[in-house]
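So you can see what is in the structure, the chains are spelled out below.
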Amino acid sequence: MYSKKTVIANPTGLHARPASDFIAAAGKFSSKIRISRVAGDPEEDAANAKSIISLLSLGLAQGEEVEVFADGADEKQAVDDLVALIDSKFGESSAG
Amino acid sequence: MVCQGNPVSEGIAIGKVMRYEPFVPVVDNTAIAGEKIPAALSRYEEARSGAKQELEELRLRLEQEDPQKAKIIKAHMDILFDVAMEEEIRDGIAGGKSAEAAADQIFRKYARIIGRSADERIRERASDLEDVRCRLLRNCMGIPERNLAFLAEPAVVVAKDLFPSDTASMDRRKVLAIVTEVGGPTSHTAILARSYGIPALLGVKDALSLLQSGQSVIVDAVDGKLIVNPAGEEEKAYRRKAAEFRRQAEETKKYLDGDSFTKDGVKIEVELNIGSANAQEIDAIRHTNGVGLFRSEFLYLGRETLPTEEEQYKIYRRVLMQAGDAPVILRTLDIGGDKKLECLQLPKEENPFLGNRALRLCLERRDIFKTQLRAALRAGTVGNLWLMFPMVGSMDDIRKAKGVVREVQRDLDCEKIEYNREIKIGIMIEIPAIALIADLAAKEVDFASIGTNDLCQYTTAADRLNQNVAQYYQSYHPALFRLIRDTVRQFDRAGKPISVCGELGGDGLAMPVLLGFGMRRVSMGLSAVARAKRIISRLDLAQARDMADRVCQMETAGEVEAYLRDALKDIV
Chain P
1 MYSKKTVIAN PTGLHARPAS DFIAAAGKFS SKIRISRVAG DPEEDAANAK SIISLLSLGL
61 AQGEEVEVFA DGADEKQAVD DLVALIDSKF GESSAG
Chain G
1 MVCQGNPVSE GIAIGKVMRY EPFVPVVDNT AIAGEKIPAA LSRYEEARSG AKQELEELRL
61 RLEQEDPQKA KIIKAHMDIL FDVAMEEEIR DGIAGGKSAE AAADQIFRKY ARIIGRSADE
121 RIRERASDLE DVRCRLLRNC MGIPERNLAF LAEPAVVVAK DLFPSDTASM DRRKVLAIVT
181 EVGGPTSHTA ILARSYGIPA LLGVKDALSL LQSGQSVIVD AVDGKLIVNP AGEEEKAYRR
241 KAAEFRRQAE ETKKYLDGDS FTKDGVKIEV ELNIGSANAQ EIDAIRHTNG VGLFRSEFLY
301 LGRETLPTEE EQYKIYRRVL MQAGDAPVIL RTLDIGGDKK LECLQLPKEE NPFLGNRALR
361 LCLERRDIFK TQLRAALRAG TVGNLWLMFP MVGSMDDIRK AKGVVREVQR DLDCEKIEYN
421 REIKIGIMIE IPAIALIADL AAKEVDFASI GTNDLCQYTT AADRLNQNVA QYYQSYHPAL
481 FRLIRDTVRQ FDRAGKPISV CGELGGDGLA MPVLLGFGMR RVSMGLSAVA RAKRIISRLD
541 LAQARDMADR VCQMETAGEV EAYLRDALKD IV
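Protein sequences, first through last, are from chains P and G.
If you read the first sequence in full-length UniProt numbering, its first letter stands for residue 1, the second for the next number, and so on.
If you read the second sequence in full-length UniProt numbering, its first letter stands for residue 1, the second for the next number, and so on.
There's no promise every hint is true.
Across the chosen pairs, the derived CB separations fall in these ranges [what the hints assert, rightly or not]:
1) Glu418/G / Asp81/P: 30 to 36 Å
2) Arg399/G / Gly40/P: 41 to 47 Å
3) Asp80/P / Val222/G: 56 to 62 Å
4) Lys76/P / Thr30/G: 45 to 51 Å
I should point out that these hints are in silico values taken from the structure, not numbers from a laboratory.
Computed from a predicted structure; not experimentally measured.
Yeah, the Cβ is synthetic: ideal placement off N, Cα and C, and Gly gets one too.
So here's chain P without its partners, still in its complex pose:
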């Protein structure tokens, strides 16, 4: 198990297109991957990172701190890549 924390930086949060990009990226790894809201309940405020429905239900907004966990053969790569994707703001400028 490997994990890392970061803050959602893009203005629209993990909604719509960013959410689709996120699950597409997560789907490339064999590890089990979860994303959770750091300030929330560890069970309820966590989503399967490969599920659009689960991610949309979590409804992560800009400014929220999250933790990405992975468990499996490519766990480190998975977490590093997904955190980098969040930090890249999904191509949205900070003004837009």
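Let chain P serve as the given structure and place chain G on it in line with the hints.
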């Protein structure tokens, strides 16, 4: 027989009914025996591949006709193969549920969660989940698909409700009109009907039990009527009305874009009223000179907690960015005891329209007011924000509200948070008391906008929601026009912008009177914009001034209306 409905996509259609009753799954929740679990699991998998095949076919067809609609189907495929839902459905089956019962439970669970989201774009996904749920369950039960993709002949489709896949796959050349029992102006059926230009009448009570397939109907999605088995005469009249409607709609469309000028070449700012900041409204800003009224109430409705500063900030920013340099007039919370808010318990009042509402309430609940002001001032950095207070009755009200803005600015300064220092501050003119001292108010504010609905209600002392006094609520009352005239004059004298953002702003008959008073900014809902621009282009200001003078000398609302109708019969 005539039924009433909500005309969400304007138009008129005459034709025969086709009842459309999509599959409604009835799920048996009886537990299954342990040895049947493997069979149930494979049934789930087979149903899923059956559903997948249907979606694939639909997607192939749509990709050629309408790639935007094909995206809806791609989203349905993602939902069908969602890993988290799959895991939970499999767990359910392993725990002794039938394939149908397990899938039903998990789809409903997520539709509920997503349907509660604060973000409208996400909430809309709940109907996609419902759609996929029905498709999957139908496949589980081995029932063939019914849809609107192939219609033998043109028809008026009558249904309880339509799913996104029904509307996306529908043969739109053959669908004359849509009539449903449920649904409002923001439902996906309404949005799609408008985008295809198909007349739609939603919320027609008991439509399915009243109508038979093959019956003749007239769908009047202009006045919101459904006429069953029309008489020959009536049908003839409607054929003329339909032709006239099409001609006008074509012509109006030509006026939607571009700046608006009177016949004698004076520019009139035509602005947009928005009330939910959904994609359609935000997109429509480009047809106008800015947002003349951004109602913020939707942020507070239908939820259990008050909207946070961040939530508001994001929405205000989205609207401001879309508007670019054009002004966005944000009206602060306008709510009172007549509306029930889950997130804010308000005491019931005997006279809510004369009670503790709007700015009055905000001055009492400073916490709510300040949260909104902070969000607005911060969002203001990306655009041209004008802040407007509703329900202002005195100079004290204006000064108190401005005092709170200053407090919020000081707080933001102390916290070193960036905000727009240049915003304009204005008021709604909707209480006669402030209209009558408009000369004084104009010195204290940067601009004002006349809310004609409330101004009419308070001037005529007639509750605009009470049907029993509807005849006393007269929007063409000469007193109302005189109040508007004097208010415009005072703001013009002070050199401060004044606009109209109530119903009267988008009212074709009232337009020459408003322009005649000197009004140069009008704000209205999107559906009125093109028509208003067309009317403006046909008005001459000298003539408008003359009409405005006459109207102010008239004795009754009836006289005013009859005069305007006659004078404008070739224009409106």
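Looking only at beta-carbon atoms, does the pair Asp80/P, Val222/G fall within the given range of 56 to 62 Å? holds, 59 Å
Starting from the range 30 to 36 Å, see whether the pair Glu418/G and Asp81/P falls in it by beta-carbon distance. holds, 32 Å
Is the distance from the Cβ of Arg399/G to the Cβ of Gly40/P consistent with 41 to 47 Å? Holds, at about 43 Å.
Pairwise beta carbon distance, Lys76/P to Thr30/G, judged against the given window 45 to 51 Å: Holds, at about 47 Å.
In terms of the numbered hints stated before, the structure departs from none.
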